[in-house]
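Visitor: Protein chains in written order, with our numbering: chain G, 1 to 299; chain H, 1 to 831; chain R, 1 to 301.
Check before you lean on any hint, since a few could be wrong.
Claimed, not checked - Label pairs and their in silico Cβ distance ranges:
hint, chain 1, residue 1, chain 2, residue 2, range
1, R, Leu244, H, Pro157, 40 to 48 Å
2, G, Glu114, H, Leu583, 21 to 29 Å
3, G, Gln267, R, Pro136, 37 to 45 Å
4, G, Glu114, H, Met582, 21 to 29 Å
5, G, Asp37, H, Glu401, 41 to 49 Å
6, R, Arg64, H, Arg777, 27 to 35 Å
7, G, Glu80, H, Tyr751, 54 to 62 Å
8, H, Tyr751, G, Phe106, 52 to 60 Å
What the hints assert, rightly or not - DSBU-like cross-link-like pairs, simulated, lysine-lysine; straight-line CA separation at most 35 Å:
hint, chain 1, residue 1, chain 2, residue 2
9, H, Lys86, H, Lys163
10, G, Lys222, R, Lys25
11, G, Lys95, H, Lys664
12, G, Lys95, H, Lys611
13, H, Lys611, G, Lys118
14, R, Lys25, H, Lys655
15, G, Lys95, H, Lys592
16, G, Lys222, R, Lys92
17, G, Lys222, R, Lys88
18, G, Lys95, H, Lys668
19, G, Lys290, G, Lys245
20, H, Lys609, G, Lys95
21, G, Lys95, H, Lys718
22, G, Lys153, H, Lys592
23, H, Lys718, H, Lys655
24, R, Lys90, G, Lys222
To be verified - Some chain H residues flagged as far from chain R (calculated, every beta-carbon gap over 12 Å):
hint, residue
25, Leu51
26, Ala481
27, Asn497
28, Glu656
To be clear, the hints were calculated from the coordinates, so they are not data collected in a lab.
Note that the structure is predicted; figures quoted are calculated from it, not measured.
The C-beta atom is built at its ideal place from N, Cα and C for all residues, glycine as well.
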Amino acid sequence: MPEFTIGRRELYILPTRIGWYFTLILIALFAIAVKFDNQAAFMMLFILASISMVAMLYTHNNVIGIGLSSRPSHSVFLGETALFPIRVHNQSQTKRNSVWLVCDGFHQLLELPETVEKEVELELPTVRRGYLNCSPITLTSHYPIGVFFCWTKRYMPSQRCLVYPQALDLVPRPMIDDFSSDNEHEATKPNVSAEDYSGMKPYQPGDRLRDIHWPSLAKSQKLVTIQHETHSSTAVNLSWFSLPKSLSTEDKLSQLCFWVIDAQKQQMSFQLEMPNHTIEYDQGNTHFHKCLTVLALWD
Amino acid sequence: MPTPPPAHALGRRTLLLLSSTILVAVLAHYAIASPYIASLALLVWCLKTGLIITNKKNPPIIVIMLFTVLSILMILWFYGGWNGQKAGISFLVLLVTLKFLESATLRDYFVICLLLLFVASASFLFHNTLTTILIVSAFVVVVLALLFIISSPTKLPFSASIKQSFNLIARALPLAVLLFFLFPRIQGNFGFIPSQDRLDSNRELSNSLVAGEFANQAFNDRLAFRAEFDGSPPVKSRLYWRSKVMTEESFFSWKVQAPSATELRLAKLRKRSPNELRNNQQEPIRYSIVHENSADQYLPYLDYAYAPEVGIQLDDHSVFKDQTTNGIFAYRGASYDSPTVVEGLPINRAKLLTTRSTPKARTSALLGKWRRETRDPRQLVQLAFDYFKNNDFEYTLDPAELIENPLDEFLFDTREGYCEHYASAFTTLMRWQGVPARIVVGYLGGETNSVGNFVEVKYLDAHAWSEVWIDGAWHRVDPTAAANQTRIEHGMEAFLNIWEQGELANGRDGTALADFLDPSGLRRALNTIKQSWGNLGYQWNKWVVNYDFNAQKELLAQLGFESRNTVYTLVILMSVGLLSMMLFYFWQLIPKAARLGESQQAFLRFLQKFKRHDLFKSLSESPNEFGVRAAIAFPEQALEIRDITDRYSQIRYGKENSNIDSFKSAVKQFKLKPTKYKDQSIEPDAENKKMKNITDDFYVAGQLTENDFPELAKSGIKTIINNRPDGEEAGQLESSEARQLAEKHGMDYHYLPMVGGQPLPPMLVDDFKSTLDESQRPVLAHCRSGWRSSFLWSMGQIAAGNISADDAIKAAGNAGIPLEQARATLEAQQS
Amino acid sequence: MSERKIDSLLDQLNEIILGNPLATKLSAICLLARGHLLIEDIPGVGKTTLSHALATLFGLPFKRVQFTSDLLPTDIIGMTIYDVDTKKFKFKKGPMFTSTLLADEINRATPKTQSALLQAMEEQQVSIEGQQIALPDPFFVIATQNPLEQSGTFPLPESQLDRFLMRISLGYPDSEFERQLLKNEHGKNTDYQSVFEPGEVTQLIAQVGEVHVSDAIIDYLQSLLAQTRSSGQFVNGLSPRAGLQWLQAARALAFIERRDSVMPEDIKLLAQYTAAHRLHCNDGSDASTALNTIIDQTEIL
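Chain G extracted, bound-state conformation (with noise of 0.2 Å):
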């Protein structure tokens, strides 16, 4: 179901400017009908004046009852482009012909069909760190003949985008494991000597003899060695207090944003140390997501 359904007070028709040549048109044939009390040009006059009424209310039609939603978008860095995707919908039974989204200036060309659904991806550019808004949107058409112009009431999507820190890297990073001789830690220390089960392979010499699966010998008389994926045991404390001083917030921030990026990528656990609140050592995909979304909001 759409966020924003366009309904008749949300819409607005004028004549563009073909539109009001049209009706110069009109006129002039108007006036060549009057004065030489010709019937067929008034016929004609009323012909065209009558596709224009009709061809209004086709512009006014193609646009009206079309839905609008945001849909959640992804996070993304300082400097990356932000995609806020919007669907489009057309609930009803008739094609919509030729309407255009219109947000900042950018322009997407929407033919809609029958009961469909289409997702625009709006592109906007990061500034800041934090939640980025969509700019507003209106829709627009000049179906059929372009001498009406439809749009609606500006619709604000919902949704909006969380732009983490730039990463920088400016300071060299903290010292691995340097919490390791912190005893306060221990506890939450994952188990380093966790190994994941992750397949069979057959035996190589080299392997561990407590890798060997024995049933499968006492099976199929071959050699059979467990695999095991080893977690990294490093860890690692990213603290605002261990960056120099001199380095402005927003360095700071792009700075603890590069070590949380590198710390994910060599799936290291660590932890996050603001002034505020710590965010205690963990790995995974959650951990990294709260740690950034928690140097976007920094302030």
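Using the hints provided, position chains H and R relative to the given structure of chain G.
Guide: Leaving out everything else, chains H and R in the frame of chain G:
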């Protein structure tokens, strides 16, 4: 207003399509204006089209300027100025081609299309026939399709655009027809419009009759006029359409004597009495004529016309028009069908006997012979007629040339001729015999169009006959009848048919005639098509080309709007019609939502009823959930509401197919009563006013008055809760006053109004309960009757799980409050 | 008749697990829908009590395995041992061969052991050395897991959560009920009797399958599924299996509530329990919030 979308480029195919459309306009211009100007337009067109095909850029501005100057010069040269329709249309066509030459942007193409539409419309000033309208219509459809293509940012195939164009026109046509018939045709003049050109003289029936020239008319199958009779048309041989009368003879040719100004003035004053014309007939034949474009000042009327509407009837019975009209014109006529007319006026006998030519030897002998036989004019007429009849005179379209003595040669040597020969010879003979005679030129017959039931008279039906003056009356004598009966009885077309097949030479056995009169097979079908086409043209002329303010008046009269102010009535009718048609279209064209089931539509109607009372179903709310909420908001109708939502759930989600019709009727019958909390079920009589205890320390009551407060205090009530909004009823105790009274008597007072006619605010139940819990007991709650108070109490208690719905209803029932009607709501609260 | 029994079963269950009628109902639904239940909560809120009571009341055999880090797959599946008498290998069934299995603190065991259990849950059978041995019918696993914050565990991989029909958490009891619990000095009430005869549960499950699902419900569910896939918020949309299980759970809910057809509110109610744990937001935010948004934006008519 947001910025308009970016302009798109047009494909070469579209440009070529536009180019060929312009070519049609340019070629059509050859038919209207000077070929030199059309050729200039064609040259410009060729240049631009060549550039398009070779994908080249537009020529430099100087070239365009050059062509523009050339165009202006040519128009000035050929038309001698700007004024005039032809100059106007030539200018337009040149403008289109020049604009085409310099066109580069989308807007240019739009403008060209608009100009083309204008050119197409303006062409009606020159040609007004049905064929023109068909060609112009096709042209307009294509131009409109071009507008579709040009305005579409995506590629639109030509066939699709034509289809859309047709759709648009089909929708526009009813509106256009309405406007056409009802738009008041007020007269006006616009100075800036070029004035009317003088039309080329288009007089098909000349004012003189020269032997041998008239026969050429026989091949002119252009339409002269169409006549529609009020009754059934008379037989062809009686359809003598009088146009003009010729009295001046000079050497076997005849001339019309144009009426002098005095003659016209006199004729205008004079009106023939019907008795003068009537001949045994009671009623005149009435008919209407739609005449094609003609510069002839004599209007054809059936013999003998009586009191013509248009034109002045001259003494010789022909009808003369002072001014020629441009284009098609229509008039009505009334005539007494008779071959003779008694003349009340004296005739200029001398003039009607004058001849320039004198009889030659052979003719003199013939005349002498006749004179010896009789002196009676009637017999002389008969003798002359019989002479033609008995001497193998032949009626032919290709008569032998008469060289020296035309009359002698015709009477004795060639003995063949067209109607003018016979009429001319006969009239001259009569004059020589001393019988006043004259020639009448007009039309005889005309083809009956059985599709449209009118008579179509063409120029080939032109005919000349004689009139002789005997005993104070004019008698029509048609000497052609002596030579050929077919022409008279079956009309010119029948004769032409036979003549073309050469049957005339092979004896008159009449198979061709029979074939013509009763055509078979393909010929009949062709005839029908021809007649249908003719009928279409007639209707077009009658309804469109000739539709003026008078016709509008007539239309209004036929519709029953006989009003003095025609313009006013027309404007009103037009506005009403236009508005209702636009509304209809608006409704019809509005995109319809994806089709819902019958039951869903009914449920939406049901929801609509709540919307008026500010209760909306949220998007994700299921029917049941909404039902529960609605039942709480409208407790008095809870049962009904739950019944409908249950039924709907059953239909939509249930196993058995429930009865949709009964559901629909239940929805239809359902009416939200906004007065539901006004608890009209109980009249607040004296008894009801008394406190009713629901529990040991909770009482309800109806409306309190000032006098009640001391009593309440006396009976030990510590707290009063008022659930009735202020101002529900005149004379009601205001809550502020009540508060003072209560406090005066040492009681707490709370005002928790429950407004009737609105959904129950969810907080109210909680507020009521917490107030109750925190108050000093015993508590008395009141509204108008106590119903609302009991309801709020029950809702609160049930929600807290203190009592069941049954208990609450029972407790209230014991106190005489019918809470049963809100059972469903209470039960919902329970779960 | 059986509906009555279901009611009395739920009543009894609610007497045992105080103040959490939703959790008891959901667990019963889970069993009737042939799904497996994951209870995520801290220890001591009555997970074991609930599963034991559920099994007993349904008249199903019950076994409990405490998962530890040194638990091996063979410890739950069973193992082949060499029978000296017959000189043949013989399969000795492990605790998994029961109708109701409580896998307590499943995240304490290694992924290897976890996956052995998960595979059995999925296939309703175990394969031992190429041999397929069917598990009893019904086979209902209640796994409990400590919340992720607790260390020294192997949280179930996100993809594996799809094998559970529902994920619920019991939460702390209301103060009122806790009071009652504390006051109740005779301790755990364990003297409850089974409500159903051993074969009856299978019949019951068959009856659940007969609950009517109208096209409108299918449309609604399908649109929800489609939106989890198209919304772009989630790493993966819901699988068709998730949809099937969701619908089956809705049937069971309707059955327990003595209705013969599924209503949209059944689907909505179960979304949090049957779907939320299978979804993971791209940006790490709460999946159930995102799911709620989708539900709020989907029209029911």
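Visitor: Now tell me, hint by hint, if it's right for this structure.
Guide: For each hint, the structure was consulted:
Distance hint check: the CB atoms of Leu244 (chain R) and Pro157 (chain H) are about 45 Å apart, consistent with the given range 40 to 48 Å. One distance hint, 21 to 29 Å for the beta-carbon pair Glu114 (chain G) and Leu583 (chain H), holds here, with the actual separation near 25 Å. At roughly 41 Å, the beta-carbon separation of Gln267 (chain G) and Pro136 (chain R) lies within the given 37 to 45 Å, and the hint holds. Between Glu114 (chain G) and Met582 (chain H) the Cβ separation comes to about 25 Å, which falls inside the hinted range of 21 to 29 Å.
Roughly 46 Å separates the CB atoms of Asp37 (chain G) and Glu401 (chain H), a value that falls within the hinted 41 to 49 Å. The hinted window of 27 to 35 Å between Arg64 (chain R) and Arg777 (chain H) is violated, with their beta carbons roughly 53 Å apart. Taking the beta carbon of each, Glu80 (chain G) and Tyr751 (chain H) are about 59 Å apart, inside 54 to 62 Å as hinted. For Tyr751 (chain H) and Phe106 (chain G), the Cβ-Cβ distance of about 56 Å falls inside the hinted range of 52 to 60 Å, so the restraint holds.
Note on Lys86 (chain H) and Lys163 (chain H): the hinted pairing holds, with a Cα-Cα distance of about 34 Å set against a maximum of 35 Å. Proposed proximity of Lys222 (chain G) and Lys25 (chain R) is contradicted: the alpha carbons are some 50 Å apart, above 35 Å. For the given pair, Lys95 (chain G) sits about 31 Å from Lys664 (chain H) by alpha-carbon distance, which is consistent with the 35 Å threshold. For the hint linking Lys95 (chain G) to Lys611 (chain H), the alpha-carbon distance of about 30 Å falls within 35 Å, and the restraint holds.
A threshold of 35 Å between alpha carbons decides the hint, and for Lys611 (chain H) with Lys118 (chain G) the separation of about 31 Å falls inside it, so the pair holds. Between the alpha carbons of Lys25 (chain R) and Lys655 (chain H) the distance comes to roughly 24 Å, so the proposed pair stays at or under 35 Å and holds. Our distance criterion of 35 Å between C-alpha atoms is met by Lys95 (chain G) and Lys592 (chain H), whose separation comes to about 11 Å. Note on Lys222 (chain G) and Lys92 (chain R): the hinted pairing holds, with a Cα-Cα distance of about 24 Å set against a maximum of 35 Å.
Simply put, Lys222 (chain G) and Lys88 (chain R) have alpha-carbon atoms about 20 Å apart, close enough for the 35 Å limit, and the pair holds. Only pairs whose Cα atoms come within 35 Å are accepted, and Lys95 (chain G) paired with Lys668 (chain H) is accepted, the gap being roughly 33 Å. Under the criterion of a C-alpha separation no larger than 35 Å, the hint pairing Lys290 (chain G) with Lys245 (chain G) is consistent with the structure, at around 25 Å. Our distance criterion of 35 Å between C-alpha atoms is met by Lys609 (chain H) and Lys95 (chain G), whose separation comes to about 31 Å.
Simply put, Lys95 (chain G) and Lys718 (chain H) have alpha-carbon atoms about 70 Å apart, too far for the 35 Å limit, and the pair is violated. Among the hinted pairs, Lys153 (chain G) with Lys592 (chain H) is consistent with the structure: their alpha-carbon atoms are about 21 Å apart, no more than 35 Å. Annotation: proposed proximity of Lys718 (chain H) to Lys655 (chain H) is violated, straight-line Cα distance about 55 Å (limit 35 Å). With a C-alpha separation of about 21 Å, the suggested pair Lys90 (chain R) and Lys222 (chain G) falls inside the 35 Å cut-off, and the hint holds.
Its beta-carbon lying about 50 Å from the closest one in chain R, Leu51 (chain H) satisfies the requirement of being farther than 12 Å from that chain. Listed as outside the interface, Ala481 (chain H) is consistent with that label: its C-beta sits roughly 87 Å from the nearest C-beta of chain R, beyond the 12 Å cut-off. Distance to chain R confirms Asn497 (chain H) as a non-interface residue, since its nearest Cβ pair spans about 74 Å, more than 12 Å. For Glu656 (chain H), the requirement that its beta carbon stay farther than 12 Å from each beta carbon of chain R is not met, with the minimum near 8 Å.
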